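Enquirer: What follows is the residue order along each chain.
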Amino acid sequence: QQQVKQSPQSLIVQKGGIPIINCAYENTAFDYFPWYQQFPGKGPALLIAIRPDVSEKKEGRFTISFNKSAKQFSLHIMDSQPGDSATYFCAAVNMYSGGGADGLTFGKGTHLIIQP
Amino acid sequence: NAGVTQTPKFQVLKTGQSMTLQCAQDMNHNSMYWYRQDPGMGLRLIYYSASEGTTDKGEVPNGYNVSRLNKREFSLRLESAAPSQTSVYFCASSELYRWAAHYGYTFGSGTRLTVV
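Residue numbers (this note's numbering), protein chains in the order written: chain A, 0 to 115; chain B, 25 to 140.
Among the hints, a few may not be true.
Taking lysine-lysine and the DSSO-like style, the derived pairs with C-alpha atoms no more than 30 Å apart in a straight line are [as the list claims (entries may be wrong)]:
1. A:Lys107 x A:Lys56
2. B:Lys38 x A:Lys4
3. A:Lys67 x B:Lys38
4. A:Lys70 x B:Lys81
5. A:Lys107 x A:Lys4
6. B:Lys81 x A:Lys57
Label-pair ranges, simulated between beta-carbon atoms [what the hints assert, rightly or not]:
7. B:Phe34 x A:Ala44: 15 to 23 Å
8. A:Ile19 x B:Pro63: 33 to 41 Å
9. A:Ala28 x B:Gly87: 29 to 37 Å
10. B:Pro107 x A:Leu10: 40 to 48 Å
11. A:Ala44 x B:Lys81: 22 to 30 Å
12. B:Asp62 x A:Pro7: 26 to 34 Å
13. B:Ser133 x A:Gln80: 20 to 28 Å
For the record, the hints were derived by calculation from the structure and aren't laboratory data. Note that the coordinates shown come from a computational prediction; the quantities given were computed from them, not determined experimentally. Positions of the beta carbon are idealized from the N, C-alpha and C atoms, including for glycine.
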């Protein structure tokens, strides 16, 4: 089973701080890296995604940093708010040969708490 | 609203009972998936269906069966429920657009199953 390793498992940050969640992958054929956000009692929802041809992508307060040589990518949340408290999953896929049948490979998730 | 609908939302079973979890999507996606989510274990793939008429085992298929009834519906059956199957179950669907800027899963809101 191809793996995506995610850390930390849990994270507590004060409001306004910048939580950082890290993921590392093994399969160099992965070419699409999404992040999912899950609130209690809900299913995961796509938050932001990046392709390996760029080193950074920003959408609002959420930023993905990508290091192709290290096979690592991370999620940063700027000016974090209590409403960002959720579980975050990183994932990876090879969009050419994967998707469909093989689908996304998920990290194990990070439970993030933003304290007021 | 377009999306993935799961029923029921909650269920309590006695050990040995059987039940079927229902999932339907209205986005005309080809691929559908069943995951279970347990604390600290992330999302684990039970079964998937790459297209109508096909199903394949995922990471944790033992104790489950699936049916891809048509393109819209993908059901998960527990023939003889065990306490180890207490979990939150998520259905998801996806469509792979190889040259698209975006690819991801749409998840249902989950079924919380307790086996006593």
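Enquirer: All hints are to be evaluated individually against the structure, with a verdict given for each.
Expert: Against the structure, the hints come out as follows:
1. Note on Lys107 (chain A) and Lys56 (chain A): the hinted pairing holds, with a Cα-Cα distance of about 22 Å set against a maximum of 30 Å.
2. Using a Cα cut-off of 30 Å, the hinted pair Lys38 (chain B) and Lys4 (chain A) is violated, with the two alpha carbons roughly 35 Å apart.
3. As the CA atoms of Lys67 (chain A) and Lys38 (chain B) are separated by approximately 49 Å, the hinted pair breaks the 30 Å bound.
4. Our distance criterion of 30 Å between C-alpha atoms is met by Lys70 (chain A) and Lys81 (chain B), whose separation comes to about 28 Å.
5. The straight-line distance between the Cα atoms of Lys107 (chain A) and Lys4 (chain A) is roughly 7 Å, inside the 30 Å bound, and the hint therefore holds.
6. This hinted pair does not check out: Lys81 (chain B) and Lys57 (chain A) have alpha carbons roughly 36 Å apart, beyond 30 Å.
7. Between Phe34 (chain B) and Ala44 (chain A) the beta carbon distance is about 21 Å. The supplied range of 15 to 23 Å therefore holds.
8. Between Ile19 (chain A) and Pro63 (chain B), the C-beta spacing of about 22 Å breaks the proposed range 33 to 41 Å.
9. Distance hint check for Ala28 (chain A) and Gly87 (chain B): the Cβ-Cβ separation is about 32 Å, which falls inside the suggested range of 29 to 37 Å.
10. The hinted range of 40 to 48 Å is not satisfied by Pro107 (chain B) and Leu10 (chain A), whose Cβ atoms lie roughly 31 Å apart.
11. With their beta carbons about 26 Å apart, Ala44 (chain A) and Lys81 (chain B) fall inside the hinted range of 22 to 30 Å.
12. One distance hint, 26 to 34 Å for the beta-carbon pair Asp62 (chain B) and Pro7 (chain A), is violated here, with the actual separation near 18 Å.
13. A C-beta distance of roughly 23 Å is found between Ser133 (chain B) and Gln80 (chain A), which places it inside the suggested range of 20 to 28 Å.
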